[in-house]
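K.L.:
Sequence:
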Amino acid sequence: MKNQIAELLAQALAKCQGSGALPADLSPAIQVDHTRDSSHGDLASNLAMVLAKPAGKKPRELAELLISQLPTSTIVDKVEIAGPGFINFFLKADTQFAIIPTILKAGEDFGRSNLGQGKRVQVEFVSANPTGPLHVGHGRGAAYGAVVADLLAAVGYNVHREYYVNDAGRQMNILAASVWLRYLELCGEELPFPSNAYKGDYIWDIAATLHRENAEAMRHNWDEISHPLPADEPDGGDKEEYIDAIIARMQHLLRDDQYRLVFDLALNSILDDIRDDLAHFGVLYEEWYSERSLTDNGAVMRAIERLQHSGHTYELDGAIWFKSTDYGDEKDRVLVRDNGVTTYFASDIAYHMDKFERGFEHVIDIWGADHHGYVPRVKAALQALGYDASKLDVLLVQFAILYRGGEKAQMSTRSGEFVTLRELRKEVSNDAARYFYVMRKSEQHLDFDLDLAKSQSNDNPMYYIQYAHARVCSVMRQLAEKLFSFDRDEGLANLNRLSEAHESAILTRLARYPEIVEAAAQLHEPHQLAHYLRDLANDFHTYYNAHQFIVEDSVLRNARLCLVQCVRQVTANGLQLLGVSAPESM
RNA sequence: GCGCCCGUAGUUCAGCUGGAUAGAAUUUCGGAUUCCGAUUCCGAAGGUCAGAGGUUCGAAUCCUCUCGGGCGCGCCA
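Heads up: the first sequence runs through residues 357 to 942, numbered per our numbering.
I should point out that these hints are in silico values taken from the structure, not numbers from a laboratory. Where hints are given, some of them may not hold.
[Claimed, not checked] Using 30 Å as the maximum straight-line C-alpha spacing, the simulated DSSO-like pairs for lysine-lysine come out as follows: (1) Lys735 - Lys475; (2) Lys434 - Lys448; (3) Lys448 - Lys461; (4) Lys687 - Lys735; (5) Lys413 - Lys434; (6) Lys409 - Lys371; (7) Lys461 - Lys409; (8) Lys764 - Lys735; (9) Lys371 - Lys555; (10) Lys413 - Lys358; (11) Lys679 - Lys764; (12) Lys764 - Lys810; (13) Lys475 - Lys595; (14) Lys797 - Lys782; (15) Lys810 - Lys797.
Computed from a predicted model, the values in this text were never measured in an experiment.
Take the sequences, apply the hints, and build the full model.
P.N.:
Below is the structure:
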């Protein structure tokens, strides 16, 4: 609709230029917007105001001129000049009815488009270290990433969802050591648990599995392990040095194969848990990408070598540095430590290099906002490698703060309050969690009201939207009970009976749905869809309370039922994109 | 100290990439209503868009500075 009006204006402009009434060298981007106030018509353009200065004419005069050259159109009822020079378009009443057959025909596909033209986009999200269960902070990234990916898919991108598994590095070694030490305790060893080790209950579970499957095969005396160990933190030592020493002893005593067995058991147990958790949350991936594979297949070394060839590296204090300051980073970064071990950053460069080598036309990373300082160095590395860093979008998600009874809910592991995503899902339902996580802009801190998310009331927007869907379904059931039937064709043939203001408002809202999906997808803003659905539900409930659908007059009844069916369809389509169910009864 | 994000009604938030009188929900107050399915509707009140400059036909939106809040500034991952 917008495009049709823009086209009319373009033709009018061209005519004015052809006749010499306006300079020929003007080629403004023609903007057509929905009006906020219906007294301003349906659509409006600021073209005359934009052109006023370069054309040397007063905006209202210019608007007059453009309107005089406007081609006739079947959809435009009248055109007005208003305010400082807006050109307002009032559409013919019939045109807004056209959305009804469109929606009914397209069904589940209404709102989908081919805007993305099948371009390959990678969306990487969550990617939490597999050192423990997902917590509520990860939940927002999961819900947000899943919806961004689904929105992009809906508008025609070929989306590849990926989870980067940090299955290498020191944190994983600490995890393996934690499991092993708990296993030793299960074997009956008495030992001081390191202050820097993982202490969650899930460690005990994994250790129990280890013990069940291997009996005492990996048992060693604490004396044997502690033989030469530095002091732990409580004893005045350094907890980092201490845990590293434990890991070194473990690797020495268990040898490669046993160490790997513990390591892999821990990794796989936790990864399985994360996979299961996300799957229940409706978050699915095309690929789980292993960090370790990057080291194993030489990608990390290759990335470092390519950076060296690019001339943006140097050696200092025995380490190899990437000169990221050449690309605007605030300081240079180490790639290879003085002990010869590559850094996490080096792996991440290799990973991003790999993303571009795999041929994605666009790459989206979704990170917690606490990683924002990391963005410049990754982009710097991509530029140094010769890639177009603008093809990488890093979307930062701010923290979610849980509220219960108006009070901030504690999120520490120590207190009894829940911390995991699984517990949150259980408490407020998957649907509410998905909706609440995405109902705010990602760069906005999220106040997650647990009581509201659980409440079955209109105050809860998720409930309000679902209820609109269920209510339409209920109307259809009522219809059958009253021995009426829905004659769609009769309704479609008599849409002009939908003359109430409420009906007109709903029609306008419905027609905007495809634009909302496009905007939400392209701007990576799921909250736009969340708000839209709430507004649509509000329109519908208001209509429901003002008018009866199941009336004696079959023509009016069927026309209204067509409209209400459209509300149901669009609500269902939108909820599906948000990963929220659309129940037929509640 | 430097960098990034945020600051809009009592509260929680929108504001369609610069448009017309800044909108919802909720709260408060005043009415109506007992229904296809409850958890209903209508109206009113509520704002120095943190503050000050600037850019222009036009600024909550863009730029600069100040104030306030969050986060980040490892040869950790």
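K.L.:
A separate judgement is required for each hint: does it hold in the structure or not?
P.N.:
Structure-based check of each hint:
1. Lys735 - Lys475: Within the cut-off at roughly 22 Å; holds.
2. Lys434 - Lys448: holds (8 Å)
3. Lys448 - Lys461: holds (22 Å)
4. Lys687 - Lys735: Cα-Cα ~14 Å, so holds.
5. Lys413 - Lys434: holds (24 Å)
6. Lys409 - Lys371: holds (19 Å)
7. Lys461 - Lys409: violated (46 Å)
8. Lys764 - Lys735: Violated, at about 36 Å.
9. Lys371 - Lys555: violated (75 Å)
10. Lys413 - Lys358: holds (26 Å)
11. Lys679 - Lys764: Since the Cα atoms of Lys679 and Lys764 sit roughly 43 Å apart, the hinted pair is violated (cutoff 30 Å).
12. Lys764 - Lys810: holds (16 Å)
13. Lys475 - Lys595: violated (48 Å)
14. Lys797 - Lys782: holds (24 Å)
15. Lys810 - Lys797: holds (21 Å)
The structure is inconsistent with the numbered hints 7, 8, 9, 11, 13, although it conforms to all the rest.
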